[in-house]
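2 protein chains.
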Amino acid sequence: MRNLRVVVSYDGTRYYGFQTQPGGNTIQDIIQDTIKKLSGEDVRIIGSGRTDAGVHARGQVFNFHTDAAIPVERWAIALNTRLPSDIVIRCVDEVEPEFHSSYSAKRKTYRYSIDTNKFPDVFERRYRFHHPTPLSVEEMRKGLAFLVGEHDFSSFTSRRSTKTSHVRTVYEARIDASDGKLDLFISGSGFLYNMVRVITGTLLLVGEGKLQAGQVQDILEAQDRSAAGPTAMAYGLNLWEVEYLA
Amino acid sequence: MRNLRVVVSYDGTRYYGFQTQPGGNTIQDIIQDTIKKLSGEDVRIIGSGRTDAGVHARGQVFNFHTDAAIPVERWAIALNTRLPSDIVIRCVDEVEPEFHSSYSAKRKTYRYSIDTNKFPDVFERRYRFHHPTPLSVEEMRKGLAFLVGEHDFSSFTSRRSTKTSHVRTVYEARIDASDGKLDLFISGSGFLYNMVRVITGTLLLVGEGKLQAGQVQDILEAQDRSAAGPTAMAYGLNLWEVEYLA
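Those protein sequences? They're chains X and S, same order as listed.
The first sequence maps to residues 794 to 1039 in my numbering.
The second sequence maps to residues 794 to 1039 in my numbering.
Note that identical chains are pooled: a pair holds if it fits in a single copy or bridges any two copies.
Straight-line distance between alpha carbons at most 20 Å, and here's what the computed SDA-like set of lysine to any residue pairs gives: (1) K974 - R851; (2) K911 - I882; (3) K1003 - E932; (4) K911 - D886; (5) K911 - P877; (6) K911 - D879; (7) K829 - G817; (8) K911 - R851; (9) K829 - T874; (10) K911 - C884.
Derived by calculation from the structure, the hints in this document are not laboratory data.
These figures come from a predicted structure and were not determined experimentally.
Kindly generate the complete structure, drawing on both the sequences and the hints.
Printed below as a string of structure tokens:
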């Protein structure tokens, strides 16, 4: 059996997240149904991780095993012609049998996008959270800096997290800002459930002046979800890139 | 009566163009209905020009006369809270009684966006025409240069044009290109029906090598629609900006 690694982009607006659910209408369900139509196989695709309902992906990665005779270079076009227009396969490669999209991932990057202009940019309205008052980007950057490195991120994950350890490493984080639009990029070894959205919700309070940048350090040390800010809206979040060892 | 000038952006995907039609579902119909709900007035808004079904606008301009007591700075937010999310008012200003969005316009700019990557960028799929093979941008730029200046653009307008003169002036035109994405910006005194889309359709043939750049000059001189290329798809077109004397 061949093991295929796929990079997929999607507009998550109308889906109940990546991972399969009883009601269907997830990215995984749609892709598995499409593979079935194409090759006749009942495959289970393995995502690099979940994305929540309404969250987008520029570069989600999944892999699956197949006996189909379709040449590797034909898979992307064959899937794209059968997928709805809000799911686009970017590339398909054959990888070693052991490759696993989740276990083999070395680094993930998320982007959270914010529009602080009085009225939203109509062309980005589904992808950029509208916060119609200004934010102090400098204070948000100071607050964000406390999160870089290896920390216990218990304050920044949903109480529903079932992970035994909340220790993760944030390798890099930055906020790009121009024309009232902010893009927070955060890269790490892995992310807890809702982690980027709780970080963003907390930094929004810093940007609004409701929290001091230095309090982000206190929140981190508290290791308590109730110390942090609210969970930012799903639609501003995008799984930007998943990286593997070459 | 006050005369208000409004800059509006819209995603034209689900509308039958800007101008009112018997069946409704045009940008003009939706905005007029919204003004009626807000002020109770039956107004007729005057657009800077039409946009076709499926064409977008970053900066369409219209004006209308009102007796409503609503302060000018309240109009934009009051309209936006009542409009669907794919129509966003950017600003409202009070102008002199003689101002007319169409007659007073000095310069218009359109953008036509193309994605030449093998698979489309899912987040721009409604705004960027997907042409899944490479184009020679240099040849397209050479062809485009022949159109700058005052010319009879009969070859580059729909046969359904009812204008007595097809002479227009293109002030500036350029193609920005990066990562396989092309943005054609074209500014002029005014544009004929389908003019930017026929220019784009012709330049696509040049980019594909099916026409020589120099043949754009011959097409212009022919003053005959059948000499030019096809009309490019509506969804790549965006009315970018309308300018007036200060």
